[in-house]
Amino acid sequence: MIKAKRKPLDEIFNMVKDYSRILCVGCGACTSVCLAGGQRETEILTQELSECFSQKGQRVEFSVFVTERQCNAEYLADIEDMVKEHDCIISTACGVGVQYLAEKYESKPVFPALNTMFIGLDRDIAFFEERCRTCGNCKLGYTGGICPVTCCAKSLLNGPCSGTNADGSCEVSRDVPCAWNKIYERLKAQNRLENILPIQPPMDWIDKGPASFIQSGYEKRYRK
Amino acid sequence: MTVIDNNDAAMNKIQKIISNKKGVIKLSLSACVHCSICSDSCFLFNSHNCDPTYTPSYKAINSIGRIYKKKGRISDDEYKEIGHLIWDKCVLCMRCYCPVGISIPILISAARSICREKGIYRTYDGNGES
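In order, the protein sequences belong to chains A and B.
69 is the number that the numbering used here gives to position 69 of the first sequence; each next residue is one higher, with no gaps.
103 is the number that the numbering used here gives to position 103 of the second sequence; each next residue is one higher, with no gaps.
Hints were generated in silico from the structure; no laboratory data involved.
Just so you know, not all the hints are guaranteed correct.
[Said to hold, decoys possible] Okay, derived cross-link-like pairs now, DSSO-like style, lysine-lysine, Cα gap no bigger than 30 Å in a straight line:
{"#": "1", "chain 1": "A", "residue 1": "K104", "chain 2": "B", "residue 2": "K16"}
{"#": "2", "chain 1": "A", "residue 1": "K5", "chain 2": "A", "residue 2": "K108"}
{"#": "3", "chain 1": "A", "residue 1": "K108", "chain 2": "B", "residue 2": "K16"}
{"#": "4", "chain 1": "A", "residue 1": "K104", "chain 2": "A", "residue 2": "K182"}
{"#": "5", "chain 1": "A", "residue 1": "K104", "chain 2": "B", "residue 2": "K80"}
{"#": "6", "chain 1": "B", "residue 1": "K22", "chain 2": "A", "residue 2": "K84"}
{"#": "7", "chain 1": "A", "residue 1": "K7", "chain 2": "A", "residue 2": "K224"}
Modelling step: build the complete structure from the supplied sequences, incorporating the hints.
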């Protein structure tokens, strides 16, 4: 799932300091799960912002509403009336949710309260690790289920480079394991080393621009 | 004894949500013929041995239906039961299919919004209300 982290309070406050009726919209999906933008986190944010405004002697009206998913039009409809009653919107969704809100309510300033970090796994409660950069050309089948694009500091498709330390760590840091060393060890254990012998062609970086795609089988629905 | 918390601020917000969604809730509740066809399209229903409490229509009727019929004035325990039903037994994947055209996810999301006003929601770290 998408993992996000709250921005520093000062940064959020600076974005909204000139408004007096602020709607904080949380998201019930990924940012709730990563404990950054659900009901509780959104309420805490408004309390902290309220305190910032009080210290400046400003009186501000806050409303909180958590949509089930800010990346889905059906759920955004729930806040339509509330949007009209407020000067600006703070979103505690990922960057997608912020942009969808801004697109749907074009006349309202929409501010992000979170930094969207990555697509990652839940190692433990509130402890996340990046595992996918959504490159659009998955190589995991050949690399023992370890992503060289995400886990190699140089995103090498044909590794390792010559920067692997003797203990299997990466030259960028002793704390960072060399992804290609891990790939080699795992494939060796599975007797599949031939998987990484062919040279992989350069990646087709299809996600360099804003991409879109239609799931196979649904093409007719959108054909013009 | 059933205790009904009449916290005014929360109840006002709940009444507002009910009133905004009244049309769709009323129509959906009366249009549902209990055919249970929606259960086929629910992956949770299928992966839980066809437990009828995972039937999408059951989840909608026993969450927003219950809240709507009592105008939001149900006990905290009932709200907690509803919270369990709509968070633990539905992921809002929006894949449920109703031959009559009822949007079950919209009903469940309305129930979730109401539960949030009562402080009942999934917290994902084991701490909190729900």
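Going down the list of hints, with the structure as the test:
1. K104(A) x K16(B): Judged against 30 Å, a Cα distance of about 22 Å means the pair holds.
2. K5(A) x K108(A): The hint holds at about 24 Å.
3. K108(A) x K16(B): Cα-Cα ~23 Å, so holds.
4. K104(A) x K182(A): Cα-Cα ~45 Å, so violated.
5. K104(A) x K80(B): violated, 33 Å
6. K22(B) x K84(A): holds, 20 Å
7. K7(A) x K224(A): violated, 42 Å
Comparing the model with each earlier hint shows violations of hints 4, 5, 7; every other hint is respected.
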